[in-house]
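Number of protein chains: 2
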Amino acid sequence: MSRKIEEFMKKHGLEVGDLIRVIKRDGDELLTFEGLVMPPYELSPGETLTIKLDNGYNIGILIDAIERVEVLENAAEKPKMTFQEVLPRKEGLPNVTILGTGGTIASRIDYKTGAVHPAFTAEELAKAVPEIFEMANVTPKLIMNILSEDMKPEYWKRIAHEVAKALNSGEDGVIIAHGTDTMGYTASALSFMLRNLTKPVVLVGAQRSSDRPSSDSAMNLTCAVKMATSDVAEVMVVMHGETSDTYCLAHRGTKVRKMHTSRRDAFRSINDIPIAKVWKDRIELLRDDYRRRSEGEVEVDDRIEEKVAILKIYPGISGEILDFLVDKGYRGVVIEGTGLGHVPQDFIPHVERAVEEGVAVCVTSQCLYGRVNLNVYSNGRKLLKAGAIPCEDMLPETAYVKLMWVLGHTDDLEEVRKMMLTNYAGEITPYTRFDTFLR
Amino acid sequence: MSRKIEEFMKKHGLEVGDLIRVIKRDGDELLTFEGLVMPPYELSPGETLTIKLDNGYNIGILIDAIERVEVLENAAEKPKMTFQEVLPRKEGLPNVTILGTGGTIASRIDYKTGAVHPAFTAEELAKAVPEIFEMANVTPKLIMNILSEDMKPEYWKRIAHEVAKALNSGEDGVIIAHGTDTMGYTASALSFMLRNLTKPVVLVGAQRSSDRPSSDSAMNLTCAVKMATSDVAEVMVVMHGETSDTYCLAHRGTKVRKMHTSRRDAFRSINDIPIAKVWKDRIELLRDDYRRRSEGEVEVDDRIEEKVAILKIYPGISGEILDFLVDKGYRGVVIEGTGLGHVPQDFIPHVERAVEEGVAVCVTSQCLYGRVNLNVYSNGRKLLKAGAIPCEDMLPETAYVKLMWVLGHTDDLEEVRKMMLTNYAGEITPYTRFDTFLR
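Protein chains in written order, with the UniProt record's numbering: chain D, 1 to 439; chain S, 1 to 439.
Excised from the complex, chain D in its bound form:
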C-alpha cells in the first residue's frame, strides 16, 4: 500500500519523530510550521502530512500545498538525555518512578509505526505534564511498548519485578502508565504478585490521547503522583472520577473494572467503594481500612499457571467447550454464571468431569455487581456438589488472575478452594456495601 504520504516521506527522507519545518502555500502567502512528524493514519486517504506543534496540537497539511520541508532534528539522532540532565533531583521532594508500558497516556506510541522510537523520556514527560516535576522527583522508565490489549501474563511478571526493584532501591512510590483496556487485569495481577507491599503502586492511563484537547492524561498523571506519594501502600488504579476535570478516584486494584469504552470516568470500583478521591494537591480518603506505608522489602511472588480460561454462560451454551478446555490441559476455569452464579442443569455434568480430572472450576457472576450464592436454588447446590468454588463478590477478571496465581502455588483442589476464599488483596469483601451499586 503506497499512498501519497508514504511516497512524500520517502522522497524527503522523513521519519516519524523528526523535528521538521514545513513551508506551505496558502493562496498567495507562504506559511511556516515547525513540529514533530506524526505517523500517518493507516486508514486515511494519505493526502496529508501530520505534525505535532510545540503547543501540543496536531495539524494536517495537504501534501499538494507543501512548498518545502527541512529536517531540523533527526529522530534517530536526537540526544537521549537522562533524567538527571533534564531536571536535577530536588531535596525534600519524594521520589517516584513512572514505568511506561505503552497505551494512550504516552500518546506518541499510540499510532502504529514500523519504526520503534523512544516515546517516554523525561523531556517528553516534562513537556507534557510539567506539574508533576514540582510534586516529586520523577524518573520515567519505558519497560515495554505495547497496546494494552496485547498485555500477557508473562509481562505482568516483568512489571512486578520492575516495581519491586524501584521500591526496594528507595523510591517512595511507583506509577505504571498502562493502556486502559486491560489495566484492571494488570492491577489485579500486581495485587497478588507484590507481597509485603510497603509503598504505593499506582496504575494510570488515559482514555483520550495527550495530543487531543480533551485529553485526561495530564490530570490523571498528576493525581497518580499524588497517590504514589501518599500513605496508601496498595496497588491502585487512578483515573477520572467524573467526566469533567473535577477529581480522580483511587480504586483498589482487585475491585476495579473498565465499565465504559470511551468515557474518561470509565473506571469504577465494583462491590466496594474507592480508596480515595484525589486532586493534584490533596487526597480525601473514603475509607480507613487500607494498608499503610511502612518499612521493609517488597517481595515478588510471580508463580502463576497460565492454563486458565474465563467461560461466560449463556442460554444454549454447550458443555463441549468446557470439555475442550479440560482436554487441552487447562488447570482452571472461571465461570461467569448467570445471576447468583448459575449454569444450566445440563452443563453441570461437564463441571463434574472437569473437577474429577483435577481442574479448578471457580464461579463468578456475569451480573458483575453482587455476590454469588450457590445455596439458594437447586442448580446452584448441584454445582457446589460437583465441586465448583463460589468466588464470593470477586469480579470475574479478578478471579481469573487470582486463579492463575493460586494454581501457581498448588494444584491440590482443596488447597485451591482455601486460597481462592482467602482474602489476599481486598478482592473479597465480607459483606457488600449497599452504596456500591452503579456508583
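Certain hints may be false.
[As the list claims (entries may be wrong)] Here are the simulated PhoX-like cross-link-like pairs (lysine-lysine), alpha carbons at most 25 Å apart as the crow flies:
#: 1; chain 1: D; residue 1: K152; chain 2: D; residue 2: K127
#: 2; chain 1: S; residue 1: K127; chain 2: S; residue 2: K90
#: 3; chain 1: D; residue 1: K307; chain 2: S; residue 2: K328
#: 4; chain 1: D; residue 1: K328; chain 2: S; residue 2: K307
#: 5; chain 1: S; residue 1: K152; chain 2: D; residue 2: K385
#: 6; chain 1: D; residue 1: K141; chain 2: D; residue 2: K157
#: 7; chain 1: D; residue 1: K280; chain 2: D; residue 2: K307
#: 8; chain 1: D; residue 1: K52; chain 2: D; residue 2: K4
#: 9; chain 1: S; residue 1: K127; chain 2: D; residue 2: K328
#: 10; chain 1: S; residue 1: K385; chain 2: D; residue 2: K152
#: 11; chain 1: D; residue 1: K4; chain 2: S; residue 2: K385
The hints are simulated quantities; they were obtained by calculation from the structure and are not laboratory data. In this text the structure is predicted, and so the values were computed from the model without any measurement.
For chain D, the structure is supplied; the task is to place chain S on it using the hints.
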C-alpha cells in the same frame, strides 16, 4: 440419598403440594398447623417438614415432634378451576394473559421437586396479588416450568408462539413471568422473533420469592399489568426501579441487563434510557420514540441458528478456543473484546481463519457501557480487515441472540453484516446518550 424427611413423607403418603394438617407436640401442648407441603431442601439435614401456611409464611416442623398428619386435600386430586370459574371477566377491563415459565415470581415452583405440580393457577395468583384482577381480566397460563438458567433457545420459540397466539386472539397485552437470570436474553429473543408487534409484551420476574416478606413480586406484577395495558407495543422488562417499593422501570427488551445478583433493582437499561417509570396506577413515559399500539396480526419469525457462542477476551487468551468453535461447526461467535472492542494481536489470525471458513465474528465490548470502535487503534483496524463485524453499542448478550436470529435467515457474511448493523428492535442507538452511564 434417603433422609428422614423422605422416609417420613413416603410413610405418610405425602406429596409436595398436598394440603395437610400437622399436629405437633410442644412440651405438654399439642399445636395444629395447616398448610401445603413444600419440597424438602436438598442440602438440608432433612430433619424437618416444611409447610406453607395460609398467610404465605413457610414453617419448618421437626419430624421428631410430629404427633399426627392428615392429608386434607391431595395435590394430584385438587380441582383445576379455569379462570372463568374463579373470576368472571369484567366488562370494560383490558384483557391480559400471563404466561408462566417458572422462576422466583411463581415461588411455589422454585424448589426442586420430582413431581410436576400445577403452580400457576388463577386461584393462586388471585390469592398472591389480588390487585391485578382489578386492573385487568387476567388469564394465567403455565407454559413451562423451569429455572431460568435452564432456558434454551428452543424455548424462546415456544414463548414467542404463545405470545402471538394470545395477542392474535384478542388479548390486549401479554405478560411473561420469567426467572431473572436469563430474562434479558429472552427479552432480546422475543424482540427479534415477534415481528409486526402491535401490542405490549412484558417480561417480569422477582428477585425475592413471594413467600418472603421482602418479595418484589407483587409490585413488579402490578406494574407489569399496567405496562401490558399501555400504548407501548414493544417487548419490555418491568422490574423494580429502586431497591425500595417506589416505582418500577420498563426497559426496552434489547437494552436491558441483570446487573446485580440479588438487589431488587438489578435490571438496568444499558446505553439507553428506560421507556417508562411505572406505578400500579400510572405511567410516566421517559421517551416518545417507542412503538405505538396498533392493529394487525403479530407474526413470529423464529428462524434461528443455534450454533453460536459468546467468547470473552482476556490477557493470555489462546486462539485455539476460537479454532475449536470453528472446527465444531459453529456458524457465529460474539466476541466480548476489551475496551473499544479489541483482541490481542496474536488472536487476529484466528479471527481471519474463522471468517475465511464462513463463520460470522461479531465484536462487542466487555465494558458493557459505550460503543465499540475498531477504527481508533491498530489492532482494531486489523480486526476489521480480518472481517469482524463491530456491533455498535449492542450488549454482548443482545448481539448473541441477534446473531442467532440473523444466521437463521442467511449465511452470507455480507448479508449477516448488513443485518447485524440494521436496527430491528432498538438494539442499536445512533448515538449513546450521555446520561445512560451507570444509570
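Hint check results:
{"no.": "1", "hint": "D:K152 to D:K127", "verdict": "violated, 31 Å"}
{"no.": "2", "hint": "S:K127 to S:K90", "verdict": "holds, 18 Å"}
{"no.": "3", "hint": "D:K307 to S:K328", "verdict": "holds, 21 Å"}
{"no.": "4", "hint": "D:K328 to S:K307", "verdict": "holds, 21 Å"}
{"no.": "5", "hint": "S:K152 to D:K385", "verdict": "holds, 23 Å"}
{"no.": "6", "hint": "D:K141 to D:K157", "verdict": "holds, 16 Å"}
{"no.": "7", "hint": "D:K280 to D:K307", "verdict": "violated, 41 Å"}
{"no.": "8", "hint": "D:K52 to D:K4", "verdict": "holds, 19 Å"}
{"no.": "9", "hint": "S:K127 to D:K328", "verdict": "violated, 54 Å"}
{"no.": "10", "hint": "S:K385 to D:K152", "verdict": "holds, 23 Å"}
{"no.": "11", "hint": "D:K4 to S:K385", "verdict": "holds, 21 Å"}
In terms of the numbered hints stated before, the structure departs from hints 1, 7, 9, listed from lowest to highest.
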